[in-house]
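2 protein chains.
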Amino acid sequence: MADFTLGKIFPLLMGQSNLWQSIAVEPAADAIEVDDSLVLGSVLLSLVAIYFAAKLGSEICARINLPPVLGELVGGVLVGVSALRLLVFPESGSDGTDSLIMQFLERTGGLSEAQVPLLFQTQSEVIAVLAELGVIVLLFEIGLESDLKQLMSVGTQAIVVACVGVVVPFAAGTAGLMFFFGIPAVPAIFAGAALTATSIGITSRVLSEMGRLTSKEGQIILGAAVIDDVLGIIVLAVVASLAKTGEVDVTNVIVLIVSATAFLLGAILLGRIFNEAFITVVSWLKTRGGIIIPAFIFAFVMAYLGAALHLEAILGAFAAGLVLDETDERNELQKLVIPIADLFVPIFFVTVGARTDVSVLNPFIPANQEGLIMSIFLVAVAILGKVVTGASVFGQGSLNRLAIGVGMIPRGEVGLVFLGVGAASGVLSAPLKAAIVVMVILTTFLAPVLLRVVFQSPVEAQAEAQQVDS
Amino acid sequence: MADFTLGKIFPLLMGQSNLWQSIAVEPAADAIEVDDSLVLGSVLLSLVAIYFAAKLGSEICARINLPPVLGELVGGVLVGVSALRLLVFPESGSDGTDSLIMQFLERTGGLSEAQVPLLFQTQSEVIAVLAELGVIVLLFEIGLESDLKQLMSVGTQAIVVACVGVVVPFAAGTAGLMFFFGIPAVPAIFAGAALTATSIGITSRVLSEMGRLTSKEGQIILGAAVIDDVLGIIVLAVVASLAKTGEVDVTNVIVLIVSATAFLLGAILLGRIFNEAFITVVSWLKTRGGIIIPAFIFAFVMAYLGAALHLEAILGAFAAGLVLDETDERNELQKLVIPIADLFVPIFFVTVGARTDVSVLNPFIPANQEGLIMSIFLVAVAILGKVVTGASVFGQGSLNRLAIGVGMIPRGEVGLVFLGVGAASGVLSAPLKAAIVVMVILTTFLAPVLLRVVFQSPVEAQAEAQQVDS
Numbered sequence: 001m002a003d004f005t006l007g008k009i010f011p012l013l014m015g016q017s018n019l020w021q022s023i024a025v026e027p028a029a030d031a032i033e034v035d036d037s038l039v040l041g042s043v044l045l046s047l048v049a050i051y052f053a054a055k056l057g058s059e060i061c062a063r064i065n066l067p068p069v070l071g072e073l074v075g076g077v078l079v080g081v082s083a084l085r086l087l088v089f090p091e092s093g094s095d096g097t098d099s100l101i102m103q104f105l106e107r108t109g110g111l112s113e114a115q116v117p118l119l120f121q122t123q124s125e126v127i128a129v130l131a132e133l134g135v136i137v138l139l140f141e142i143g144l145e146s147d148l149k150q151l152m153s154v155g156t157q158a159i160v161v162a163c164v165g166v167v168v169p170f171a172a173g174t175a176g177l178m179f180f181f182g183i184p185a186v187p188a189i190f191a192g193a194a195l196t197a198t199s200i201g202i203t204s205r206v207l208s209e210m211g212r213l214t215s216k217e218g219q220i221i222l223g224a225a226v227i228d229d230v231l232g233i234i235v236l237a238v239v240a241s242l243a244k245t246g247e248v249d250v251t252n253v254i255v256l257i258v259s260a261t262a263f264l265l266g267a268i269l270l271g272r273i274f275n276e277a278f279i280t281v282v283s284w285l286k287t288r289g290g291i292i293i294p295a296f297i298f299a300f301v302m303a304y305l306g307a308a309l310h311l312e313a314i315l316g317a318f319a320a321g322l323v324l325d326e327t328d329e330r331n332e333l334q335k336l337v338i339p340i341a342d343l344f345v346p347i348f349f350v351t352v353g354a355r356t357d358v359s360v361l362n363p364f365i366p367a368n369q370e371g372l373i374m375s376i377f378l379v380a381v382a383i384l385g386k387v388v389t390g391a392s393v394f395g396q397g398s399l400n401r402l403a404i405g406v407g408m409i410p411r412g413e414v415g416l417v418f419l420g421v422g423a424a425s426g427v428l429s430a431p432l433k434a435a436i437v438v439m440v441i442l443t444t445f446l447a448p449v450l451l452r453v454v455f456q457s458p459v460e461a462q463a464e465a466q467q468v469d470s
Numbered sequence: 001m002a003d004f005t006l007g008k009i010f011p012l013l014m015g016q017s018n019l020w021q022s023i024a025v026e027p028a029a030d031a032i033e034v035d036d037s038l039v040l041g042s043v044l045l046s047l048v049a050i051y052f053a054a055k056l057g058s059e060i061c062a063r064i065n066l067p068p069v070l071g072e073l074v075g076g077v078l079v080g081v082s083a084l085r086l087l088v089f090p091e092s093g094s095d096g097t098d099s100l101i102m103q104f105l106e107r108t109g110g111l112s113e114a115q116v117p118l119l120f121q122t123q124s125e126v127i128a129v130l131a132e133l134g135v136i137v138l139l140f141e142i143g144l145e146s147d148l149k150q151l152m153s154v155g156t157q158a159i160v161v162a163c164v165g166v167v168v169p170f171a172a173g174t175a176g177l178m179f180f181f182g183i184p185a186v187p188a189i190f191a192g193a194a195l196t197a198t199s200i201g202i203t204s205r206v207l208s209e210m211g212r213l214t215s216k217e218g219q220i221i222l223g224a225a226v227i228d229d230v231l232g233i234i235v236l237a238v239v240a241s242l243a244k245t246g247e248v249d250v251t252n253v254i255v256l257i258v259s260a261t262a263f264l265l266g267a268i269l270l271g272r273i274f275n276e277a278f279i280t281v282v283s284w285l286k287t288r289g290g291i292i293i294p295a296f297i298f299a300f301v302m303a304y305l306g307a308a309l310h311l312e313a314i315l316g317a318f319a320a321g322l323v324l325d326e327t328d329e330r331n332e333l334q335k336l337v338i339p340i341a342d343l344f345v346p347i348f349f350v351t352v353g354a355r356t357d358v359s360v361l362n363p364f365i366p367a368n369q370e371g372l373i374m375s376i377f378l379v380a381v382a383i384l385g386k387v388v389t390g391a392s393v394f395g396q397g398s399l400n401r402l403a404i405g406v407g408m409i410p411r412g413e414v415g416l417v418f419l420g421v422g423a424a425s426g427v428l429s430a431p432l433k434a435a436i437v438v439m440v441i442l443t444t445f446l447a448p449v450l451l452r453v454v455f456q457s458p459v460e461a462q463a464e465a466q467q468v469d470s
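So the protein lines, in turn, are chains A and B. Residue numbers for the first sequence follow the numbering used here, beginning at 1 and rising by one. Residue numbers for the second sequence follow the numbering used here, beginning at 1 and rising by one.
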């Protein structure tokens with residue numbers, strides 16, 4: 001006998017109305033379940049909080065001549081775990097009872113206290129995925145804005161900048177922690193490795209906001225950040241196996257190097273084929289979404305491949321945008337992606353801010369003090385170790401070398417992955433972990449400000465004027 | 001001592017890389033957890049499957065002169081629980097082990113069998129929310145395309161069409177089931193009530209695809225569908241309390257009527273204020289997303305209010321779009337919403353198809369036969385009971401009355417909510433439940449085809465020609 005219970009057919013349509021909950025004949029009293037309309041409601045409220053925070057922050061920053069992305073980060077801190085607690089995540093140790101949105105739904109939406117942890121978990125998962133889609137859309141858009149040929153023309157400089165930006169902070173950080181602070185070798189190596197990363201997300205967004213993404217400096221920074229991301233993944237594989245077994249798992253490292261190289265080179269070499277296939281497909285399609293849907297199928301497949309090859313989803317999305325050549329279809333696509341990015345990208349930056357527990361910066365909490373002293377050293381190395389990379393650029397005329405160095409400063413993603421692996425391995429002491437967190441926070445939040453300053457320095461303004469003349 | 005464990009700060013950034021899983025020093029062997037990169041990977045693969053199904057289906061339909069939305073529904077059936085099982089949902093009784101995407105991730109992505117149910121649950125929740133956001137975006141866009149004044153000018157006709165479309169199928173269905181099939185009164189009333197609904201989503205999308213949304217017929221259908229949705233919610237409250245206690249809970253019904261009226265009238269009356277506030281805010285904003293973000297804050301707040309008042313989120317989103325007057329800002333907004341809708345809306349229609357178990361239509365399964373015979377009657381009443389509504393339109397000249405009636409046919413949402421409440425109350429027999437499901441499937445999938453036919457009938461083509469002349 002076929003089973004025709006309610007849920008078997010079209011349950012979405014039912015879930016979509018909250019009738020089902022409000023007038024249901026048999027409320028499920030025994031098992032804890034959460035109605036779909038509560039999930040939707042909590043996601044809608046979270047998105048409203050995110051968009052308010054994003055616009056408030058970015059508009060204020062725009063008016064005081066700071067990059068809007070900084071405003072989104074700070075707006076996120078404001079609504080997040082450190083302040084208003086409108087947007088909190090399970091990883092902060094919360095079970096949702098301290099989330100203002102959950103409290104609001106308890107008072108107004110018929111949410112019971114027993115349901116809070118389950119609803120909170122689901123809401124957090126959905127927002128987290130939306131944020132990850134946000135950074136995927138951002139890097140796809142950055143890839144579209146970038147020009148593969150231009151990026152290749154500064155390829156050698158970008159490789160040098162990336163290598164110097166990995167070696168100098170790693171060596172200086174590790175040595176300094178060992179000699180000045182008496183940290184043992186393995187934790188010092190971990191902390192040094194965490195100094196090597198560069199956040200493509202922050203850097204590319206600021207460059208794009210300032211209209212500098214396609215400048216020579218911008219392309220060198222972007223290329224170096226991409227290579228840096230790959231280098232960081234390889235360095236992490238080395239230090240992680242070092243911490244685990246005391247030896248380096250050479251096979252794993254070689255597999256990573258080969259797959260990273262194959263993926264990026266493969267994307268570039270097959271780019272022409274992808275590009276022609278894209279144009280052919282778009283010319284076939286007659287219904288709505290005829291450009292945007294094939295483009296996002298391509299971007300999502302590449303993002304998936306990037307993640308599946310133990311690289312990153314954002315590298316795949318960037319490569320997807322990059323290989324689409326300048327054609328009418330791509331120019332049209334670039335326009336269509338703008339509103340999608342406007343809607344998705346702030347979710348990423350606001351949640352980054354919301355998840356950041358800035359109480360670690362408070363020097364009046366005694367437990368913070370040892371870490372804060374160490375962090376002064378780490379921040380100095382983190383900034384100087386990247387700024388010197390600008391000096392390593394060769395063969396280019398009147399470049400703003402300072403801007404290139406500053407562009408490599410924000411840590412973000414990979415730096416925190418190092419922290420995570422180090423924390424899980426148990427080799428990092430609490431003050432050292434705190435110091436790494438402070439370093440990541442300060443470089444991430446300061447870099448947009450510094451980038452804005454160095455790109456508006458007199459040298460740069462002069463160079464710009466010359467460019468306009470020529 | 002402050003706790004600086006990995007997860008406490010910036011966990012998103014870490015989750016975003018799957019390094020954490022692949023090179024983690026201590027794999028979590030005791031507790032079942034799923035890495036964030038697997039969640040992202042499963043969502044990306046699901047979206048790719050959805051977009052493939054949507055484009056394949058809609059392009060084929062467009063070429064054989066059928067509405068593309070039908071192609072998205074059928075494409076969904078193809079990848080869903082009835083066929084390829086790329087996209088299945090827990091409500092089908094699946095624990096994910098029969099999902100092709102889960103099986104793929106088990107073979108290639110390091111997913112263990114024990115993790116499958118948890119990952120499957122999370123992936124399904126995320127896709128379900130994206131689908132619900134999809135229908136919210138759709139109704140917001142439909143609201144933007146509609147003109148409040150035009151809709152008000154056909155308001156009386158829309159109310160008459162909605163009321164006739166509720167009373168006729170309800171009376172005919174209930175009476176027929178009682179007299180021809182010997183069904184007792186309460187289940188017959190439930191089944192009759194399920195015949196009253198109209199799916200705004202399907203109808204408005206088809207009208208929009210055919211460019212008929214702003215025709216007089218289109219506006220009457222849209223207005224009647226909105227009113228029908230509200231009436232359906234009230235009818236459900238009545239029959240549900242009837243099944244539960246044998247009496248009608250008058251207070252609940254009055255609260256619903258008052259809140260529904262207050263919400264819709266309030267939105268319309270306060271529309272001018274919302275509209276001016278929107279224009280003022282947009283003129284203040286200088287950073288990216290200056291139109292799209294305030295618009296979506298408004299749409300999401302209204303959708304939340306609609307759901308919170310025990311109406312529907314889509315009613316709120318529709319009202320939000322509707323009250324924004326024809327201004328430069330709104331025309332710009334309408335353009336910006338297009339790519340967002342292109343990306344979100346197919347997720348809704350494809351998942352509707354994917355969740356539909358079409359095996360209930362198979363007459364060779366003996367258990368289906370009794371239900372199928374009853375469903376022939378229900379489908380006939382469902383179609384004829386709505387087609388007659390066209391005859392009730394008065395005071396309008398050369399209208400395509402058949403098109404108005406046909407536009408009210410698709411059941412979708414509310415019809416299934418009735419089924420759900422009836423199933424939970426235990427009053428519906430298995431064959432009757434099956435018959436209601438078949439009725440909903442057939443009206444939902446046939447209506448786009450019928451609408452296309454009646455809007456291209458000679459009478460209509462003639463009327464169109466006259467319109468062009470005048």
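Please note that the accuracy of each hint is not assured.
[To be verified] Cut-off 25 Å, straight-line C-alpha distance, at most; resulting in silico cross-link-like pairs (DMTMM-like, lysine to aspartate or glutamate):
no., chain 1, residue 1, chain 2, residue 2
1, A, K335, B, D98
2, A, K335, B, E370
3, B, K286, A, E145
4, B, K286, A, D325
5, B, K335, B, E276
6, B, K335, B, E59
7, B, K244, A, E33
8, B, K286, A, E33
9, A, K335, B, E59
10, A, K149, A, D325
Hints in this document: simulated from the structure, not taken from any laboratory. Note that the structure is predicted; figures quoted are calculated from it, not measured.
Inset, instruction - Could you work out which earlier hints the structure fails to respect and list their numbers in ascending sequence? - result: Hints 1, 2, 4, 8 not satisfied by this model.
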